[in-house]
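*Asks:* Below, each chain spelled out in residue letters.
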Amino acid sequence: NAGVMQNPRHLVRRRGQEARLRCSPMKGHSHVYWYRQLPEEGLKFMVYLQKENIIDESGMPKERFSAEFPKEGPSILRIQQVVRGDSAAYFCASSPKTGSYEQYFGPGTRLTVT
Amino acid sequence: GESVGLHLPTLSVQEGDNSIINCAYSNSASDYFIWYKQESGKGPQFIIDIRSNMDKRQGQRVTVLLNKTVKHLSLQIAATQPGDSAVYFCAEKRHNQGGKLIFGQGTELSVKP
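Going down the list, the protein sequences come from chains Y and E. Residue numbers for the first sequence follow our numbering, beginning at 74 and rising by one. Residue numbers for the second sequence follow our numbering, beginning at 2 and rising by one.
Same shape as in the complex, but just chain Y (with noise of 0.2 Å):
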């Protein structure tokens, strides 16, 4: 079984630049979350989706961020006109089903901002 998987596992943009963090879960898996991890801190919730639908985006900054887990295809993470402050490593988890509380990590992105 193919585990959690994230790409690009590295991603540099410039400043004002998008950037496109992709995700496919772990096969059988329609649960999706991102996480944000910034230097020596722990993960941060940022996003919750299922198929075609956001459950949870509490943790997603009010402007620029946005996510969205289509039919078909990977779940993507977008952030538009990047800040510096957005450098850091975004990691994506999924679990199977509603009521399962284990989530299983990817590798993560790291994204630098110049």
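Keep in mind that the hints were calculated from the coordinates and are not lab data. Backbone N, C-alpha and C define an ideal beta-carbon position, used for all residues, glycine too. Incorrect hints may appear among the rest.
Some but not every residue of chain Y turned toward chain E, in silico, with C-beta under 7 Å [unchecked claim]:
#1 116
#2 118
#3 138
#4 174
Given chain Y, work out where chain E should sit, using these hints.
*Replies:* For chain E alone, kept in the frame of chain Y given last:
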């Protein structure tokens, strides 16, 4: 505010010794707790979990203890090995807040050979 926090940011142990990593949480509505291990440049790796209706759970070389009275969680690693060197995070799920996990700051475990 509400948070999950760790008592010690770093822990250094000798190979073969037992390690104990502690975690405090402040929300009594939390019903599920997980320990993750994160190696440098990698994503968090699930170690062990425990539900709030339990006070102890054992895995292979690891034990998690939950004390709801004082809102304290610990991870015990038996016969610590160099491969155990990593940052360890506790995370909680709160009963009324869906599936999101709330992570603590992390403890860096360093195992000396």
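*Asks:* If you take the shortest Cβ to Cβ gap from residue 138 of chain Y to chain E, is it below 7 Å?
*Replies:* Interface hint status for residue 138 of chain Y: violated (16 Å vs cutoff 7 Å).
*Asks:* Given residue 118 of chain Y as an interface hint, is the shortest Cβ-Cβ distance to chain E below 7 Å?
*Replies:* holds (4 Å)
*Asks:* Are residue 116 of chain Y and chain E close enough, Cβ to Cβ, to be under 7 Å, as the hint says?
*Replies:* Residue 116 of chain Y check passes; min Cβ-Cβ to chain E is 5 Å, inside 7 Å.
*Asks:* Does the closest beta carbon of chain E sit nearer than 7 Å to the beta carbon of residue 174 of chain Y?
*Replies:* Result: holds, 5 Å to nearest chain E Cβ.
When each numbered hint is compared with the structure, a violation occurs for hint 3 only.
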